[in-house]
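Novice: For the record, the sequence lines run as chains L and C.
Quick note, the first sequence lines up with residues 47 to 585 if you use my numbering.
Quick note, the second sequence lines up with residues 290 to 725 if you use my numbering.
If you're looking for bench data, these hints aren't it; they were derived computationally from the structure.
One should not assume that every hint holds.
[Said to hold, decoys possible] Okay, derived cross-link-like pairs now, EDC-like style, lysine to aspartate or glutamate, Cα gap no bigger than 16 Å in a straight line:
id, chain 1, residue 1, chain 2, residue 2
1, L, 463, L, 476
2, C, 621, L, 203
3, C, 621, L, 91
4, C, 671, L, 195
5, C, 620, L, 315
6, C, 621, L, 163
7, C, 621, L, 195
8, C, 621, L, 208
Below are the chains, spelled out letter by letter.
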Amino acid sequence: MKNFKIFISVFILSSVFFNFSPLAQGRDKADDLVKEILNAKSNQELYATFEAAKEVYFKENKYNDFVEFLKSLSQKKKTLASFVNYYTGLSRYQQLKFLEEKQDWDEYFSQGNNYRDQLCSSLEQSIKSTATQDKINLYSRLILWQFHEDQQDAFAEQALSELMSQAQGYAKSASDLNPVKEVADKLLYYGKQAKSRELYKVYIDKIVSANIKDGDLENMAEQFLKEGNLELAETVYDVYIERILESLPKEKSLPLLIELAKLFAYKDEGIKDVFYAQKLFKKIEETGGKDAFDEELTYLAGFNSEKAKEFNQTKDYYIVLLNRFPQTKYADEVSYKTGIIFTYVLRDLQKGKEYFENLAQKEVVSPQVISSLYQLGLLSQWEGALDKAKEYYGKLIEKAKSDFSAASPNESLAQAKERLKEIEGSNPLDYNLKIFLDMSLEEGYANFNMSKVDLKSALYRPPKDKEININSTAYPPQSGCMQVVLEYLWSGDLGKTKPTSQDASFTTSYSQAGTKLISLVVTTPSGIIDRSIDLVDIE
Amino acid sequence: MKSSTNNTQSHQDTRTPGHQWKTGVLVSWCLGVLVFLIILGVAKPKPKVYIRTLKNKHYQLLVENKPYIIKGVCYNPIPIGQNCEYDWWSDSDKPWLVDGNLMKDMGINTVRIYQTGDKPESVKEVIRDLYGKFGIRTILGHWIGFWEYPCPMYGEKNFEERIKKEVLDMVNLYKDEPGLLCWILGNENNYSCLGHINPWTTDEIEKEPDPQKRKNMRGEIYYSFINDLAKEIHKIDPNHPVALGNGELIMLDVAKQFAPDVDLIACIIYRGKTFGNLFNSLKATFDKPLLISEFGADAYDAFNKKEYQQMQAFFLESQWRQIYENLANNKKGAGNCIGGTMFEWTDEWWKHNPGDPEGWKVHDTESSWSNGSYYFDIQAPKNMNMNEEWFGIVALSPDEKEFGLNKRIPRMAYYVIRDFWKNPKSKFQTPKLKSP
């Protein structure tokens, strides 16, 4: 009797423990999920229940358990095969990523190939067993492409092309277009801008055909901008622009276009896409001609091109600005920049000098007037016209002293003094400067076109004394496992920092307002890679 | 009687038919000779090693008429404390015997040697031992003067004649070795044509101002020289293919024009866990069979400053998977790969400080180049993450000796790749080798 009591007590206790243990709870949850899936009445419901099940297992990275769960489902109801296959593939995909991320190498090496096999065969089965308008088909292709893309293997290209065709086909026949957007989002995440744009266009076109109003379209684009999805916002804006250009008179459509161009044009903070802005400026010109550009807009279009490093176009905008608005407040800045572009980008020394000369003769002294005198001195020094150089440097010192008194020392003034020392001491021009000038102006270097060195400042309109990072990227020829040692020959207005030839980037600040020219030549022990310039405006 | 009659008859019968018989024999003999000559002329024996093009345009390496996947490793067993000048071929402890045994157990069937030693008998002994004792075949290479001081002088007649003599001497010396698999001419010599690695020039190139044209002029000179060598090798050794060693696919468009006589391309590729679009790109650029003659990963984590064997195993396993995906007869692959020789069998402790004998005794952990595709340790200072002294599939023990050699300690990659080769079973990865 006593033994019986003990037996009963143990039985009750173990039952209680078993029923409330995590294992039992997990089992109950799985049972519930099975019931929900088996009772689902439509594909939509099935998808939702499978997604819920996936969340439960993926949250705890229980991929093997999920695959077992899926297996048990397929035994219970064969019509679930396409869902089971898709989720099995997805599960193995996530699992492989998880194992690599966590560096769980034992399982990775012992089971990796099996998981890969299962991933591919399950997804292929899922694709075979579903129709084009079935989103599981599209999702299966997406995972298959992601798998190959992650491995960057030889099949990625084909998988992408199949995914794109399937997405296009799906969009034609399906009513729910969110899967197309999801695929486009994923493509964007993987850096496939062109492909993602293509699908966003499909997605948007479909929405537009549903008679959405212009205002709603604009709101939608704004919403995508807020979400940080620039590509999708621009795709919507493209449709919006097409519509307003067709439906509104020029007087009404132009202000809207200008507003958009301003939204995307370069600025240090906030939304910007300089290339999209360029496209919009072109559209404005096509619609309203040159007259559509007032002083501010002309300057903005030029400044935006400058930041896109489209220097030829920049120079054109600035020349238009100077011709149409001679009294513009930007005159000194854009004259100086035009001189710089002619001289150091387009290799037109005479044209460049003309701009510097015009500026140098101005009576009202601005930072750019001083900088122009420095440039004239420097170019004369490089040409060997030392007396002329001394004259320019002398004028600069005079003007800086009398007309441009500032609390802190002027950078051009300091540089002019250095150059004068070189001339007076019969010393050669600073090596880095000389190389940069040679590369920009000598015929022998005409094949170097600034395409192999990129120069970027973190900010382009910083206030005085604000620290900014100047970063360069060089694209030397490939050299396999033999490292090519790069040397960075910095020159120009470098601010308070003196970067060494080992520095690919540096942080600096400027104590005086004006336009700063940063120049760089990247070399290797056996030759020159290329040169580049950047222009920063200190406010 | 019967026999007598028969004899008489036979005697009689053979008179006229005898004459016919003689004519018949003569005709048959002539026909036989003709057929023999035709067989000799038309159906000459297949080379011992050759690459055939299958009906599906895939390439398959055959050795003694059997499909052969190159499961190889680059081999340069320099002991701790020595540098590349060390004559390991003459090492009385015969490192290749210890290594061959370990390699065989791993599943390696080929070693790639960059350049032979100076003593032919020692070189032959190594090739014979590896093949005879372990079934491991040897790929022999030549640097084609790439490391000559101050630079290789391609386009200069005396230089080219000297290199040609060296190469043909090598071929004559070793072409009859049963263990020989093929020849590789050069390694990453093509980078010198770009003008930044071991740069060389000629008077004519110097006159050309356009850098792109200068590059192409160098390419034309270099690849024409390689083609000349390949043709000469084919004349004296029709039994082994000749590979063009090339860094990445750089300048293969030029090679296509000027080196059509090479049999395959031996590419040196360091792209992390993948070879990317290499296989299809080669098809589009210069459609030749591909041996990935140098690839791999180091086993040192430059970011966390410690040995990380799993990282090396991870990259190597992924790379081998891709090689298998692109072998002949895999439906989805490019089908132009014939295998690979991973870099490398043992660590080489001399490499970071080649000029400092003290440095040869130190397993240097300072990285000497950067490669973002090896992403686990790319956050190391200045992104320098590639540790040249840590590429060995087996590590060398500085403390323990075995058979007179630094003890070989297989890294994890040894076991992972061994298991992969035993069972590269994945459907989409493993081609079935079928007859064309």
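Novice: Now tell me, hint by hint, if it's right for this structure.
Specialist: Results for each hint:
no.	hint	in the structure
1	L/463 <-> L/476	13 Å, holds
2	C/621 <-> L/203	12 Å, holds
3	C/621 <-> L/91	36 Å, violated
4	C/671 <-> L/195	28 Å, violated
5	C/620 <-> L/315	51 Å, violated
6	C/621 <-> L/163	14 Å, holds
7	C/621 <-> L/195	15 Å, holds
8	C/621 <-> L/208	14 Å, holds
Hint check: violations occur at hints 3, 4, 5; the rest are consistent with the structure.
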